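**Q** Following the hints, position chain B against chain A.
As given, the protein sequences belong to chains A and B, one line each in that order. Position one of the first sequence corresponds to residue 0 (numbering that gives the first Met the number 0), numbered consecutively onward. Position one of the second sequence corresponds to residue 0 (numbering that gives the first Met the number 0), numbered consecutively onward.
Among the hints, a few may not be true.
As the list claims (entries may be wrong) - With a straight-line cut-off of 20 Å between C-alpha atoms, the simulated SDA-like cross-links for lysine to any residue are:
1. LYS46/B / LEU201/A
2. LYS128/B / ALA303/A
3. LYS302/A / PRO87/B
4. LYS46/B / ARG211/A
To be verified - Chain A side only, calculated, beta carbon under 7 Å to chain B, not exhaustive:
5. ASP200
6. LEU201
7. GLY203
8. ALA204
9. ARG206
10. GLY209
11. ALA210
12. PRO222
Hints were generated in silico from the structure; no laboratory data involved. Here the structure is a predicted model, which is why all the values come from computation and not from measurement. Glycine included, every Cβ here is placed at the ideal spot set by N, Cα and C.
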Amino acid sequence: MGSMPALPTLIEGADMHDHWRRHREWLSPTLFILPGAAIFGVVIIWSALQSVWISLHDWDGMGPMTWVGLGNFEELFRDDNFYTSLKNNLIWLVVFMLAPPIGLAIALLVNQQIAGMRFLKSLFFVPLVLASVAVGVVFTWLYTPGIGLLAIIFSAFGATAPALLSDERLVTFAVVVAALWPQIAFCMVLYLAGLNGLSEDLIGAGRVDGARGWRMLRHVVLPQLSQVTFIAIAVTAIGALRSFDIVSVMTQGGPFGSSSVLAYMMYEQSIFSYRFGYGAAIATVLFAIMAVFIAWYLQSIYKAERGNG
Amino acid sequence: MPKLQLSRVTKSYGAFHALKAIDLSVDPGEFIVMVGPSGCGKSTLLKAIAGLEAITSGSIVINGRDVTSAQPSDRGIAMVFQSYALYPHMTVAENMGFGLRMANRPKEEIRVAVERAAATLRLTDQLEKLPRQLSGGQRQRVAIGRAITRSPEVFLFDEPLSNLDAALRTQMRVELASLHAQLNATMIYVTHDQIEAMTMASRIVVLNAGRIEQVGSPLDLYRNPDNQFVAGFLGAPRMNFLAGTVEAIVGGVATIQLAGASAYAMPLRPGADLAPGSAVTVGLRPESLTPTDGAGIPGTVRLVELLGRETILYVDAGPLRSVGSDTGTANLTVHVASAVAAPPGAAVRLRFNPDDAYLFGGDGLRTLSAPKSI
Numbered sequence: 000m001g002s003m004p005a006l007p008t009l010i011e012g013a014d015m016h017d018h019w020r021r022h023r024e025w026l027s028p029t030l031f032i033l034p035g036a037a038i039f040g041v042v043i044i045w046s047a048l049q050s051v052w053i054s055l056h057d058w059d060g061m062g063p064m065t066w067v068g069l070g071n072f073e074e075l076f077r078d079d080n081f082y083t084s085l086k087n088n089l090i091w092l093v094v095f096m097l098a099p100p101i102g103l104a105i106a107l108l109v110n111q112q113i114a115g116m117r118f119l120k121s122l123f124f125v126p127l128v129l130a131s132v133a134v135g136v137v138f139t140w141l142y143t144p145g146i147g148l149l150a151i152i153f154s155a156f157g158a159t160a161p162a163l164l165s166d167e168r169l170v171t172f173a174v175v176v177a178a179l180w181p182q183i184a185f186c187m188v189l190y191l192a193g194l195n196g197l198s199e200d201l202i203g204a205g206r207v208d209g210a211r212g213w214r215m216l217r218h219v220v221l222p223q224l225s226q227v228t229f230i231a232i233a234v235t236a237i238g239a240l241r242s243f244d245i246v247s248v249m250t251q252g253g254p255f256g257s258s259s260v261l262a263y264m265m266y267e268q269s270i271f272s273y274r275f276g277y278g279a280a281i282a283t284v285l286f287a288i289m290a291v292f293i294a295w296y297l298q299s300i301y302k303a304e305r306g307n308g
Numbered sequence: 000m001p002k003l004q005l006s007r008v009t010k011s012y013g014a015f016h017a018l019k020a021i022d023l024s025v026d027p028g029e030f031i032v033m034v035g036p037s038g039c040g041k042s043t044l045l046k047a048i049a050g051l052e053a054i055t056s057g058s059i060v061i062n063g064r065d066v067t068s069a070q071p072s073d074r075g076i077a078m079v080f081q082s083y084a085l086y087p088h089m090t091v092a093e094n095m096g097f098g099l100r101m102a103n104r105p106k107e108e109i110r111v112a113v114e115r116a117a118a119t120l121r122l123t124d125q126l127e128k129l130p131r132q133l134s135g136g137q138r139q140r141v142a143i144g145r146a147i148t149r150s151p152e153v154f155l156f157d158e159p160l161s162n163l164d165a166a167l168r169t170q171m172r173v174e175l176a177s178l179h180a181q182l183n184a185t186m187i188y189v190t191h192d193q194i195e196a197m198t199m200a201s202r203i204v205v206l207n208a209g210r211i212e213q214v215g216s217p218l219d220l221y222r223n224p225d226n227q228f229v230a231g232f233l234g235a236p237r238m239n240f241l242a243g244t245v246e247a248i249v250g251g252v253a254t255i256q257l258a259g260a261s262a263y264a265m266p267l268r269p270g271a272d273l274a275p276g277s278a279v280t281v282g283l284r285p286e287s288l289t290p291t292d293g294a295g296i297p298g299t300v301r302l303v304e305l306l307g308r309e310t311i312l313y314v315d316a317g318p319l320r321s322v323g324s325d326t327g328t329a330n331l332t333v334h335v336a337s338a339v340a341a342p343p344g345a346a347v348r349l350r351f352n353p354d355d356a357y358l359f360g361g362d363g364l365r366t367l368s369a370p371k372s373i
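Extracted from the complex, chain A is given alone in its bound form:
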């Protein structure tokens, strides 16, 4: 009789085991995904939703929030600074699209089996390891009137370099060029990895078929790199839209807000002007624009995965 109570426990244990075995197929992936999903939910989804909520209020960041409905958005769409920032974001987006093709060109160049290419490759790689703040500082020096590298080059030809960072028309381009440098390096690394994965047989087949030079690139190599190209373009587009740090370091949006972008404007309104509701409204608009690219990105990945399956 003394051993009787132990029996139900045993059976229960076996039951648990059985239960686990039957549901293992969906339970274990769920358990593995859970921590990541929780962090993503709190840090990304919850913050984004909260930011939308804040955008419907007037709030200085500390005091009570006042409901204003779509008031912040109405003000935003009448704000000239918003359109300047939006236009600058567009310039960023367009100029940034030079990064994938230039990155590809450099990748093709340094991928040649020539002595010294490893060294050259590492030189092109440098901007990627620099903090973007450092890149911004370096370019600010480069543009400095009188003593910067640009000024020295111009004076060698007897000309005077434009003061890029204080010229309202040129300042955004000057900042984008600085940001383009590491972006090109990033695209180059993506393409180098892609070129490493090229099928040697396919290149051989192309050579037997008489594809040479540009036609080899166009018909045999590029189609194999389409996945890399897609990632390069998507990441570059999102990078252009969320640009903030280099603007902050080089111009702080100046002169007179002429080089501001949406991300910087949001920061400036929230932190310097204590208008968190207005800043959140800018963030919401920026999020909506990015969502278009993200949706396109996800849809393409989803389609590619279904195609392989």
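**A** Relative to the frame of chain A, chain B by itself:
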């Protein structure tokens, strides 16, 4: 005029010589199969002919034209790759017509060439599909079709069937052989599969360590290998190699003492450089050994493979010594052309006709026994 002429073709990577002065002449319409162990240089040689690998020295002449330094597309060759190497983003028709398109041929000519090749290969219904929508066998046929549309002087195949399953491989082997007959084309085919070599080749080229060991018809190579390497490479299961000693030589017949067994009289080939007392290797094909009730080499059955109409016996033949064996005892492979019930552990006696045995010895382990009739 030979279709393909290789003269002293050499390929070196620094101090490593992948190809060592290869000479080969291929006549129009021949089906040449190049075989050899991994790293023997067979694929390198094929790529050198294709122009995908530059050679270090020597010359390659195709159809009377020196193409040693010509581009792959200007050599009059077409190549079928092991991985098929189909352009994944192009349809079957585009894949097959790509070479002509790159040669700037008119659209109509390309269409006709593609449709004719597709009809030959039963691909007419697949022309608008992408490679990934096709089965392995169909992809293989598209790769062959791409070669056909180029109407090359020489077809090059780099282990084209090794990615297919066994049944499909047998089928494609037959199809390739009939395609060869139908096109009357010159083909060079690299494989490590000796069944492909034996069944398809008009001549087999056996390569080893960057050198040609022997060239000849499949049966010729099987019956009269020049040396121990060729004898060991062709034939499955592999030839048995046993250690022996020359006891005496009388009138072109050597008496060979097999280590641990009796002596056998074996006819020598004229000019065989052999003296009494020298060590030789005796080669016995598995089918030359027969289980017997009478006198013979005693052994114990270790393993039996019953294949239905034939049986492979693996026999521990105690006192004999295998060449290259660490254990000191000989493991003989015996092929019997019928089903044999021999449980593992059973004692057997094996006999063989000394005329069927091979003798190898001396420089390069050359064949010393008399040639066998085919």
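**Q** Decide, hint by hint, whether the structure agrees.
**A** Hint-by-hint comparison with the structure:
1. LYS46/B / LEU201/A: holds, 13 Å
2. LYS128/B / ALA303/A: holds, 17 Å
3. LYS302/A / PRO87/B: holds, 16 Å
4. LYS46/B / ARG211/A: Answer holds: LYS46/B to ARG211/A is near 18 Å, not above 20 Å.
5. ASP200: With a closest approach of 4 Å, the ASP200/A hint holds.
6. LEU201: holds, 5 Å
7. GLY203: holds, 5 Å
8. ALA204: holds, 4 Å
9. ARG206: holds, 5 Å
10. GLY209: Check passed: Cβ of GLY209/A comes within 3 Å of chain B, closer than 7 Å.
11. ALA210: holds, 5 Å
12. PRO222: holds, 4 Å
Every hint, counting from the list given before, is met by this structure.
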